[in-house]
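Numbering (our numbering), first residue to last: 1 to 479.
Check each hint, because a few of them may be wrong.
[Stated by the list, open to error] Think about it this way: if two alpha-carbon atoms lie no more than 30 angstroms apart in a straight line, the pair counts; the simulated DSS-like pairs of lysine-lysine are:
1) K90 / K262
2) K471 / K391
3) K90 / K156
4) K471 / K297
5) K126 / K152
For the record, the hints were derived by calculation from the structure and aren't laboratory data.
Since the model is a prediction, treat every value here as computed from it, not as a measurement.
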Amino acid sequence: MSLVRSLAAVLALSLRSAAAAQPANVVTPPSSQAVELAEEPSRLDNVGLSMRVPVGAVFQGTRVGDQQTAQIMPSDRTWLINIQTPQTSKATATIQEAAESTVALIQGSFGVMNPSSTEILSTKAKLLGRDSLQLKHPAERIYFSVPHTDGKRIVKGYTIFKPSALQFVVFELITAESEFARVRPLYETVVANASFADAEQLNLDRGAAVRAGVHLLATLSAPDYEAVLDGKERWHRLYRPAPGGAASDAEELGYRGIKFWKGKRGETNPERPRNRWNQPDNDDGYLAQVRVRVLDKDCAVDSTAIYFMTTDRKEETWSVRMTRRHLESGNDLGTWNEIGARVDKDLTVLVSAKGAPPREVKPVVEGDGYLTQVEAYLLPQLLIRGGAEAKYGFYTYRTDTSAVSFRRESLTKTPADGWVITTELREDFQPQVAYYTEQGEFIRSERSSESDPFVAKPIELDDLLKLWQRKKLPTGPTR
Numbered sequence: 001m002s003l004v005r006s007l008a009a010v011l012a013l014s015l016r017s018a019a020a021a022q023p024a025n026v027v028t029p030p031s032s033q034a035v036e037l038a039e040e041p042s043r044l045d046n047v048g049l050s051m052r053v054p055v056g057a058v059f060q061g062t063r064v065g066d067q068q069t070a071q072i073m074p075s076d077r078t079w080l081i082n083i084q085t086p087q088t089s090k091a092t093a094t095i096q097e098a099a100e101s102t103v104a105l106i107q108g109s110f111g112v113m114n115p116s117s118t119e120i121l122s123t124k125a126k127l128l129g130r131d132s133l134q135l136k137h138p139a140e141r142i143y144f145s146v147p148h149t150d151g152k153r154i155v156k157g158y159t160i161f162k163p164s165a166l167q168f169v170v171f172e173l174i175t176a177e178s179e180f181a182r183v184r185p186l187y188e189t190v191v192a193n194a195s196f197a198d199a200e201q202l203n204l205d206r207g208a209a210v211r212a213g214v215h216l217l218a219t220l221s222a223p224d225y226e227a228v229l230d231g232k233e234r235w236h237r238l239y240r241p242a243p244g245g246a247a248s249d250a251e252e253l254g255y256r257g258i259k260f261w262k263g264k265r266g267e268t269n270p271e272r273p274r275n276r277w278n279q280p281d282n283d284d285g286y287l288a289q290v291r292v293r294v295l296d297k298d299c300a301v302d303s304t305a306i307y308f309m310t311t312d313r314k315e316e317t318w319s320v321r322m323t324r325r326h327l328e329s330g331n332d333l334g335t336w337n338e339i340g341a342r343v344d345k346d347l348t349v350l351v352s353a354k355g356a357p358p359r360e361v362k363p364v365v366e367g368d369g370y371l372t373q374v375e376a377y378l379l380p381q382l383l384i385r386g387g388a389e390a391k392y393g394f395y396t397y398r399t400d401t402s403a404v405s406f407r408r409e410s411l412t413k414t415p416a417d418g419w420v421i422t423t424e425l426r427e428d429f430q431p432q433v434a435y436y437t438e439q440g441e442f443i444r445s446e447r448s449s450e451s452d453p454f455v456a457k458p459i460e461l462d463d464l465l466k467l468w469q470r471k472k473l474p475t476g477p478t479r
């Protein structure tokens, strides 16, 4: 199992992230070159865009002035896809007209002018091709070869969609001319799997849930948060029930310990002594620590994550460290680290793994209803303290996808005055159902998926260790 797959398994144990990454799909583009795409779609909800990016590439947000766009970039940085979302005031404007304007703009940008600079005599831009396409939606595609500042030539590709009367979406490819033959099938596959939902309808479907979530967070006060920040580490056992139902035959999948407390930003890095803290490290806020162990055949995957948020919710910082090791030899088989920081809607995540170059991701943070990492773990208690039976919607960053995703929560009261929280981390994934006492104490959670069912229950640490020792499972400290 790769570190990324191991990470998904670790996050599956974290109750809020049961939607572990599924095996990637392999799509064959027209050239017959296979392109492996991530299973979970990336989205730009403001235009209703849903698409899957190549495995190993990142989907991230970027800002040009006041406009937020998105980029897709591979780890080797040999190509880049910019996703632009220009609007028009002319409802009758067509993708053909937009393509003609793009051709004129590119040719003019690389034009050779007459001595008085009043007329373009020729252009250094070479039109490689233009096609009208019928993909999932009609599109126009253009390829140009243009000179670059280093004296070599690059290829720019443009695929233009118009998903609504006043909205265009443009996929811009940039790559070296020498890479174009290799990159072209990949670009065309990415664009071919793009689909557009009705953005207005999407906002209507999610809008009420997001408004309920925003209202909940606005009505909670500091005492509501601090009532849960008791510093006590609570342990949960995760297992797969035996087909016959016998408790002793259940398959142990892993466990986790989680605690919340009020503290300082600098506590997200336990290896840094307090006498070396800078001014931001001394910021007050709320913290969550999640320690996880999950079993994978002859290996154990350990993860320790520490999350911080300021009390005004405007900033957050976190660190995640994961280690995979062989059970018999104890050898480390790989390490993975993530550091995240957000100020308002500007989110940056740094990811590093043993044997791989570090990468920076800037996930797209759209609209209202963003949930901090600390709040994502506190959410059951916050919902119950709010006490309103309703359907809620939030956006939150997910480590397993390196993206901000939409999640749904439903809070209902049981006849015995307890609470049931149903969580959908993906709209195409089996929901997770969790049960709590009237006071918000965790009872159990479960997912009834036929392919990957699990149950999580609270357990005392001593009982957990005895159970694992009895089953001859590893009980050493998580790393």
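For each hint, the structure was consulted:
For the given pair, K90 sits about 53 angstroms from K262 by alpha-carbon distance, which is inconsistent with the 30 angstroms threshold. Of the supplied pair hints, the one linking K471 and K391 is violated, its CA atoms being roughly 41 angstroms apart against a limit of 30 angstroms. For the suggested pair K90 and K156, the alpha carbons sit about 26 angstroms apart, so the restraint of at most 30 angstroms is met. With a C-alpha separation of about 14 angstroms, the suggested pair K471 and K297 falls inside the 30 angstroms cut-off, and the hint holds.
For the proposed pair K126 and K152, the alpha carbon gap of about 13 angstroms is at most 30 angstroms, so the pair holds.
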